[in-house]
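> Sequence:
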Amino acid sequence: MGKSVILIENTRKGHWLMLKAISIITILALLATLGIFFSGTGSESLDIPKIVRVALVSFVLLALIYLLAKYFGDKEFSKYVIIVLASLIMYQFCSTLTGSPELFATFYLAIVLSLAYVDVMLTVFASATVIVLHTYLIIAHPEIIPAGSLGATLGVRYLCFIWVAVAGAIIIGIFKRLLYKSIESEEKSNALNENLKAVAQVISKEVNALSEAALNVRHLAEETGQAAVQVSASIEDMAKGATEEALHAGKTVEVVKEMSVALESAGKHVLQVSNQSSQFNKIVEDGMAAMKQQTAFMQDSRTAQQRVSEAVHELNDKSAEIVKIVELITGIADQTNLLALNAAIEAARAGDAGRGFAVVAEEVRKLAEGSAEAAQNISRLIGEIQDGMHDTVKQIELSNKISEQQYEAVQKTQAMFAEVEQGASRINDAIQEISAILQQILASTEDVVGEVEQISASTEESAAATQQITALVNQQQEAVESVAKAIVNIEQSAAQLKELAQQFG
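Just so it is clear: in the sequence shown, position 449 is 449 by my numbering, and no numbers are missing.
Keep in mind that a hint or two might mislead.
Said to hold, decoys possible - Mimicking DSSO-like on lysine-lysine, the simulated pairs with C-alpha atoms at most 27 Å apart in a straight line are:
hint, residue 1, residue 2
1, 366, 324
2, 401, 412
3, 366, 401
4, 318, 366
5, 181, 292
6, 412, 324
7, 401, 282
8, 292, 282
9, 268, 282
10, 75, 20
11, 13, 205
12, 282, 324
13, 181, 75
14, 70, 13
15, 282, 13
16, 401, 318
17, 13, 75
18, 401, 292
Hints are computed from structural coordinates only; laboratory data are not their basis. Please read these numbers as outputs of a predicted model, since none were measured by experiment.
Let the hints inform the model, and build the full structure from the sequences given.
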């Protein structure tokens with residue numbers, strides 16, 4: 001912990017000490033003011049409203065001191081502001097109890113309370129603040145000056161303020177030197193303690209690591225000892241097994257020879273299956289070619305049907321246009337017939353003069369009726385043609401649906417043939433691989449027979465070597481027991497060292 005941290009902590013403590021002291025002083029001052037009021041010894045201007053106002057202002061100033069101490073306690077300016085607020089509380093009581101000239105002595109409390117911060121500059125500031133407020137008090141309330149010489153009275157008071165400030169500064173200087181020495185001693189003690197703790201922690205960590213390592217080594221030693229016992233037992237079993245292995249080696253040679261004969265027979269069967277698989281692949285390929293050709297035919301048929309459907313639709317559209325033209329001709333014939341009828345009526349009115357015109361109008365009417373009748377016949381024929389085309393379109397659409405279904409069926413069949421082709425290819429590959437493996441196995445059976453014969457010869461040598469290995473394992477087991485005893489001694493020493501380290505931690 002540095003000096004600045006300790007001084008900041010001292011400043012915070014000074015804030016709360018100042019708050020408590022000023023609170024007590026304020027409460028006592030209010031009680032004293034009430035006592036003076038009720039005893040009738042106060043001035044004529046002293047009344048309950050004024051006392052209440054003083055109390056409210058004092059509590060507001062105390063609240064400000066509390067907020068400063070809580071939220072700005074580590075700031076340098078906070079203690080100066082608190083001294084000013086405390087001096088203002090004292091100024092209130094002096095200005096309220098103007099009938100008591102000796103009340104100015106309460107300003108000394110501001111100087112005395114500033115000593116709690118152990119700051120010479122703050123004490124000087126408190127003295128200056130007191131002098132300024134006392135001067136303002138005299139100007140605002142000259143009646144508090146006792147009878148006599150004004151200059152002598154003020155000189156004595158200000159001189160007393162200065163003497164108190166000087167005495168406070170001397171006391172602060174002495175206390176500050178003691179405080180700094182105490183801080184330095186505490187810092188040295190803390191540093192030494194931290195160093196001892198660090199050393200103790202390092203020792204403790206190393207001891208823990210040593211203990212863990214010793215424990216691991218002991219476990220390994222125990223496991224090694226157990227493994228040595230197991231190895232010894234296993235070697236004895238190996239010696240027994242070597243003898244039995246020599247007996248089984250001869251039988252193994254016979255079994256391998258029989259297996260070789262069986263593998264040759266299996267190879268022949270695999271060759272037959274391979275030939276059949278090749279024929280099956282050819283059949284599948286021919287089927288795929290036929291399906292592709294059928295798919296092409298189906299596609300051409302679909303294209304032709306689509307073209308026929310488009311032509312029929314186009315013919316249907318043109319027949320509709322012909323119907324419109326026939327309707328136009330029928331309308332013209334009807335109008336012509338009507339005009340011929342009107343002309344005949346007018347010719348009849350004209351008498352003999354219009355007789356020739358009437359004949360012409362009659363011929364025109366006949367021609368119009370013939371045209372209308374021909375147009376109706378054409379319209380009837382067009383209707384029959386359109387009905388036939390509608391039926392044709394329905395049949396074409398039905399044929400298209402059937403063709404589409406046939407095309408989808410052909411596609412599915414082709415896909416299944418593709419899957420069959422892939423499966424046949426995989427089967428053929430597997431058969432070829434099996435055939436190759438069988439050839440390798442057949443080639444290696446002779447080597448296996450030779451190896452088995454060598455194993456039979458080496459088993460006798462292995463039985464002799466196992467006896468030497470058993471002796472070495474026994475020596476290793478004795479060495480492991482010695483290591484385990486040494487590890488126990490190391491663990492005891494590590495435990496004692498850890499206890500010493502914990503005393504410093």
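> Now, for every hint given, state plainly whether the structure supports it.
Hint-by-hint comparison with the structure:
1. A C-alpha spacing of about 23 Å is found between residue 366 and residue 324, which places the hinted pair at or below 27 Å, so the restraint holds.
2. Restraint check for residue 401 and residue 412: the C-alpha separation of about 16 Å stays at or below 27 Å, so the hint holds.
3. Between the alpha carbons of residue 366 and residue 401 the distance comes to roughly 52 Å, so the proposed pair goes past 27 Å and is violated.
4. Restraint check: the Cα-Cα separation between residue 318 and residue 366 comes to about 30 Å, which exceeds 27 Å; the hinted pair is violated.
5. Our distance criterion of 27 Å between C-alpha atoms is broken by residue 181 and residue 292, whose separation comes to about 108 Å.
6. Taken as a hint, the residue 412 and residue 324 pair is broken in the structure, with Cα atoms around 48 Å apart against an allowance of 27 Å.
7. Annotation: proposed proximity of residue 401 to residue 282 is violated, straight-line Cα distance about 34 Å (limit 27 Å).
8. For the given pair, residue 292 sits about 15 Å from residue 282 by alpha-carbon distance, which is consistent with the 27 Å threshold.
9. The hinted pair formed by residue 268 and residue 282 meets the criterion: a straight-line CA distance of about 22 Å does not exceed 27 Å.
10. Using a Cα cut-off of 27 Å, the hinted pair residue 75 and residue 20 holds, with the two alpha carbons roughly 20 Å apart.
11. Between residue 13 and residue 205, the direct Cα distance comes to roughly 39 Å. Violation of the 27 Å bound is thereby established for this hinted pair.
12. With a CA separation close to 63 Å, the supplied pair residue 282 and residue 324 exceeds the 27 Å bound.
13. As the CA atoms of residue 181 and residue 75 are separated by approximately 24 Å, the hinted pair is consistent with the 27 Å bound.
14. Restraint check for residue 70 and residue 13: satisfied, since their Cα atoms lie roughly 11 Å apart, inside the 27 Å limit.
15. This hinted pair does not check out: residue 282 and residue 13 have alpha carbons roughly 105 Å apart, beyond 27 Å.
16. Our distance criterion of 27 Å between C-alpha atoms is met by residue 401 and residue 318, whose separation comes to about 26 Å.
17. A distance of roughly 13 Å separates the Cα atoms of residue 13 and residue 75; the hinted pair therefore holds under the 27 Å criterion.
18. Restraint check for residue 401 and residue 292: satisfied, since their Cα atoms lie roughly 21 Å apart, inside the 27 Å limit.
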